[in-house]
Structure formats: C-alpha cells, structure tokens
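These protein sequence lines are chains Y and U, in that order. Just remember that my numbering sits 13 ahead of the position in the first sequence, which is counted from 1. Just remember that my numbering sits 338 ahead of the position in the second sequence, which is counted from 1.
Keep in mind that the hints were calculated from the coordinates and are not lab data. We put the beta carbon where it would ideally sit given N, CA and C, even for glycine. A couple of the hints might just be wrong.
Each computed DSSO-like pair below joins lysine-lysine, with the alpha-carbon atoms no more than 27 Å apart [to be verified]: (1) Y/LYS67 x U/LYS417; (2) Y/LYS126 x U/LYS450; (3) U/LYS417 x Y/LYS134; (4) Y/LYS67 x U/LYS440; (5) U/LYS417 x Y/LYS126; (6) Y/LYS150 x Y/LYS59; (7) Y/LYS59 x Y/LYS159; (8) U/LYS422 x Y/LYS159; (9) U/LYS440 x Y/LYS150; (10) Y/LYS57 x U/LYS376; (11) U/LYS376 x Y/LYS52; (12) Y/LYS52 x Y/LYS150; (13) Y/LYS59 x U/LYS448; (14) U/LYS422 x Y/LYS134; (15) Y/LYS126 x U/LYS414; (16) U/LYS450 x U/LYS422; (17) Y/LYS126 x U/LYS448; (18) U/LYS376 x Y/LYS59; (19) Y/LYS78 x Y/LYS159; (20) U/LYS422 x Y/LYS78; (21) Y/LYS59 x U/LYS450; (22) U/LYS414 x Y/LYS78; (23) Y/LYS134 x Y/LYS67; (24) Y/LYS126 x Y/LYS159.
Partial list, computed: chain Y residues near chain U (C-beta under 8 Å) [to be verified]: (25) ALA33; (26) PHE40; (27) SER42; (28) ASP49; (29) LYS57; (30) TYR70; (31) ARG89.
Here is what each chain is made of, one letter per residue.
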Amino acid sequence: MPIGSLMTETVLAVTAIVIASMLAGVFLSTMNQVADIQKQQLAKFKEEVQYSCKIIYVYQDNLDKLWIWIKNTGSRSMSLQLVELSEIFLTSSSNVIHIPYNSGDINWIYRLKNDANSNLKWDPTETLEIIVNLNNKLDLGDYSVKFVLFNGRSCEYVFSVD
Amino acid sequence: MSGLGGVAVFAVLTITTITVIGYTATYFSMQISMIESKVNEVLEENLDKLSRIELIRMNISQNNATTSIYVSIVNKCCKPIHVKDLAKLDVILVYRNGEETKCIWLPYDKSKISPEGWRPLNITYSNGRELVNPSNVDLSTGLWDVGEELNIEAWVNLEIHGPLVIILHPPYMRGG
Numbered sequence: 014m015p016i017g018s019l020m021t022e023t024v025l026a027v028t029a030i031v032i033a034s035m036l037a038g039v040f041l042s043t044m045n046q047v048a049d050i051q052k053q054q055l056a057k058f059k060e061e062v063q064y065s066c067k068i069i070y071v072y073q074d075n076l077d078k079l080w081i082w083i084k085n086t087g088s089r090s091m092s093l094q095l096v097e098l099s100e101i102f103l104t105s106s107s108n109v110i111h112i113p114y115n116s117g118d119i120n121w122i123y124r125l126k127n128d129a130n131s132n133l134k135w136d137p138t139e140t141l142e143i144i145v146n147l148n149n150k151l152d153l154g155d156y157s158v159k160f161v162l163f164n165g166r167s168c169e170y171v172f173s174v175d
Numbered sequence: 339m340s341g342l343g344g345v346a347v348f349a350v351l352t353i354t355t356i357t358v359i360g361y362t363a364t365y366f367s368m369q370i371s372m373i374e375s376k377v378n379e380v381l382e383e384n385l386d387k388l389s390r391i392e393l394i395r396m397n398i399s400q401n402n403a404t405t406s407i408y409v410s411i412v413n414k415c416c417k418p419i420h421v422k423d424l425a426k427l428d429v430i431l432v433y434r435n436g437e438e439t440k441c442i443w444l445p446y447d448k449s450k451i452s453p454e455g456w457r458p459l460n461i462t463y464s465n466g467r468e469l470v471n472p473s474n475v476d477l478s479t480g481l482w483d484v485g486e487e488l489n490i491e492a493w494v495n496l497e498i499h500g501p502l503v504i505i506l507h508p509p510y511m512r513g514g
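Make the full structure from the sequences, and use the hints.
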C-alpha cells in the first residue's frame, strides 16, 4: 500500500474519531442540560404540591364584607409573612378587582381559625378566615374569588350574591 | 482509499454511533424512571392526605334560645382520621334570619363552653360501638376509620327558624 494512501486513511480515521468525539461531547452536554431542566421542573412541581389551598366557602355579610374560609391542603406550613404575600382577585362578569392585603380602601385581613398547636403558622389542614373589606355590597350576580399563594399556586371559588 | 481504511473508518463510526445511542437510551430510560418515581411519590403523598366525608343524618332541636344540630358523618375515603385531627374539621352553618342569610364558621369546642361551636360526641359503626381502632370516651385516642360514623353536635345561641345548611369539610383534601 502506498504511504500516501495510508496517511490519507489515517487522517480520515482520526478526523472521523475527533468529529464523533465532539458530537458525543455536545450531545452529553445537552443531555446534562436537559437533566438539569427536568430536575428544576420536578422541584417546582414538588413545591407547587407542597403549597396548595382550597376555598371552602365564601359569604357576603350585610356590612360590605366578604368572608372566605380557606384550607391549607399542602404538606408544608406557611408563615404569616408568606400568607400576607398572597393576593386575592375578585372577578365578576364585568370587572376584575385585585384586593391587596391590609392596604387601601378595599383590602383583606385574616385570622387563623384552628391553629390547634398555637404556632402562629398556617399549618396543613388548618383553616384561614379571610375578611375582605369591600367599599360597597356586591351587586346581584355571579362572582369568582381567586386566592393566589406566594408561589403562584392558587385556589378559586365561584359564588353568587342575591 | 483502500478497502481496509474504509472498513476501519466505518467500524469506528459504527462503534461510536452505537455507543452514543446506547448511552442515550440508557440515560433517557433512567430519567423517565426517576421522573415517574418522583411523580408517583408526590401523588401518593397527596392521595394519602385525601379524605372524603358524607353527611348522612341531621336533626335540629331548639332549647332555651339555643339551636342544636346533631349531625352524623361517615368517613368515605381513603384512610382513618385520628380523633386528634377532628379539631381541623370545618363546620360552617348557613341559615336564614328573616330575609337575611347568615353564615358562621363554628369553632371546635369539646367542652361546649362557647356560645357557638361544635363538638364530637362519639364514633359508631352500624349503630353500635366501633370495631376497628376504637376511640375512648373522651375522644382523645382512637381513629375514625373508613365506614364509621362520627356524630357531632353543633350549636348556636339563637333560634333558627327555617331552613339551614351545614357545610362540613374534612381535615385532609385536595387543593384547587
């Protein structure tokens, strides 16, 4: 076999191996990135499940107040600071109102209803009583109230007033 | 290029390709298993927390301007509830006072001291004593097992004339 041909083959073989190695390297790096993204998504999913809520009942009294009872259906306790980072949205067929915690004309405050261990945390299975101070009584109609937790997880309840 | 060189290059490329494909397949398979196990773990954790109750009987009595409501509730799903956790049961009373609808979240009050509240009375099975995980008389130990009836008394210091609704929520439930 001529030396020139042998060298060509060697160069081609080495080139093929180098290209294959580079491709494998890029591929493995991409795989690791995918794995990281999956881990982040799992962690987010887990956090969302750990922090969740359910609105039990909503009632409007005759003093322009809306009473909302919400249960902590997650598996983690929430400090009162985290509770206060929550947001409430009241939606009717014609309007959406964002209700902030304890500030402004329309606002909400809360009480822990069955804090059996008195640790001043909203523990799993415990109920939060939220009082929404409205300026006026709600008009007759259907409404939806959405309680959004600090991490974006939310619970919603549809009710009507007469 | 001679035949030998071509075969060598082909062999190297083939081996590399097979290795990469094998690695990828193993990697994906491991990732999918990991995700499945994590998701199952989280879902099982949630399912374990799930409980469902059903109101089967309600009697109302008025006495000295106090309305007492006796309610029987069956644990329908999915696991026993410890009597200690009964305090986390939500009892909400909705009633009509004249033209106005009123609503009260009743606090758990085992000693019946508050003017309004609710307390567990006993747990029964088929109108008799519990068979499984019996609770003691003062309901400080024992379990409210699936299929058993929890009898409770809710009261308010006012006379309720007309219909009323009692809303009950178990301690554990799915969010949303």
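Now the hints, each set against the structure:
Only pairs whose Cα atoms come within 27 Å are accepted, and Y/LYS67 paired with U/LYS417 is accepted, the gap being roughly 20 Å. The straight-line distance between the Cα atoms of Y/LYS126 and U/LYS450 is roughly 17 Å, inside the 27 Å bound, and the hint therefore holds. Straight-line distance between C-alpha atoms of U/LYS417 and Y/LYS134 comes to about 25 Å, which keeps the hinted pair within the 27 Å bound. Taking the CA atoms of Y/LYS67 and U/LYS440, the gap is near 22 Å; set against the 27 Å cutoff, the hint holds.
For the given pair, U/LYS417 sits about 24 Å from Y/LYS126 by alpha-carbon distance, which is consistent with the 27 Å threshold. Taken as a hint, the Y/LYS150 and Y/LYS59 pair is broken in the structure, with Cα atoms around 39 Å apart against an allowance of 27 Å. Note on Y/LYS59 and Y/LYS159: the hinted pairing holds, with a Cα-Cα distance of about 22 Å set against a maximum of 27 Å. At roughly 31 Å between alpha-carbon atoms, U/LYS422 and Y/LYS159 are farther apart than 27 Å, so this suggested pair is violated.
Taking the CA atoms of U/LYS440 and Y/LYS150, the gap is about 15 Å. The hint holds against a cut of 27 Å. Only pairs whose Cα atoms come within 27 Å are accepted, and Y/LYS57 paired with U/LYS376 is accepted, the gap being roughly 12 Å. Between U/LYS376 and Y/LYS52, the direct Cα distance comes to roughly 10 Å. Compliance with the 27 Å bound is thereby established for this hinted pair. With a C-alpha separation of about 47 Å, the suggested pairing of Y/LYS52 with Y/LYS150 is violated against the 27 Å cut-off.
Pair hint Y/LYS59 plus U/LYS448 does not hold up; C-alpha atoms about 36 Å apart against a cutoff of 27 Å. Our distance criterion of 27 Å between C-alpha atoms is met by U/LYS422 and Y/LYS134, whose separation comes to about 18 Å. Pair hint Y/LYS126 plus U/LYS414 holds up; C-alpha atoms about 25 Å apart against a cutoff of 27 Å. As the CA atoms of U/LYS450 and U/LYS422 are separated by approximately 17 Å, the hinted pair is consistent with the 27 Å bound.
For a cut-off of 27 Å, the pair hint linking Y/LYS126 to U/LYS448 stands: about 15 Å separates their Cα positions. A hinted pair counts as satisfied when its Cα atoms are at most 27 Å apart, and U/LYS376 with Y/LYS59 qualifies at roughly 9 Å. Simply put, Y/LYS78 and Y/LYS159 have alpha-carbon atoms about 16 Å apart, close enough for the 27 Å limit, and the pair holds. A C-alpha spacing of about 33 Å is found between U/LYS422 and Y/LYS78, which places the hinted pair above 27 Å, so the restraint is violated.
Of the pairs offered as hints, the one joining Y/LYS59 and U/LYS450 is violated, with about 41 Å between alpha carbons and a cut-off of 27 Å exceeded. Of the pairs offered as hints, the one joining U/LYS414 and Y/LYS78 is violated, with about 35 Å between alpha carbons and a cut-off of 27 Å exceeded. Simply put, Y/LYS134 and Y/LYS67 have alpha-carbon atoms about 17 Å apart, close enough for the 27 Å limit, and the pair holds. The suggested pairing of Y/LYS126 with Y/LYS159 holds, with an alpha-carbon distance near 20 Å, which does not exceed 27 Å.
Interface restraint check: Y/ALA33 against chain U, minimum CB-CB distance 4 Å, threshold 8 Å, status holds. Among the interface hints, the one on Y/PHE40 holds; its C-beta lies about 6 Å from the nearest C-beta in chain U, closer than the 8 Å criterion. Checking Y/SER42 against chain U by beta carbon gives a least distance of about 13 Å; that is not within 8 Å, so the hint is violated. Because the closest C-beta pair between Y/ASP49 and chain U is about 11 Å apart, greater than 8 Å, the hint is violated.
At its closest, the beta carbon of Y/LYS57 sits 12 Å from a beta carbon of chain U; the interface hint therefore is violated under the 8 Å criterion. Satisfaction of the interface hint for Y/TYR70 is found here, the shortest Cβ-Cβ separation to chain U being roughly 5 Å, below the 8 Å cut-off. Annotation: Y/ARG89 was flagged as interfacial toward chain U, and the flag is violated, the nearest CB pair being 11 Å apart, outside 8 Å.
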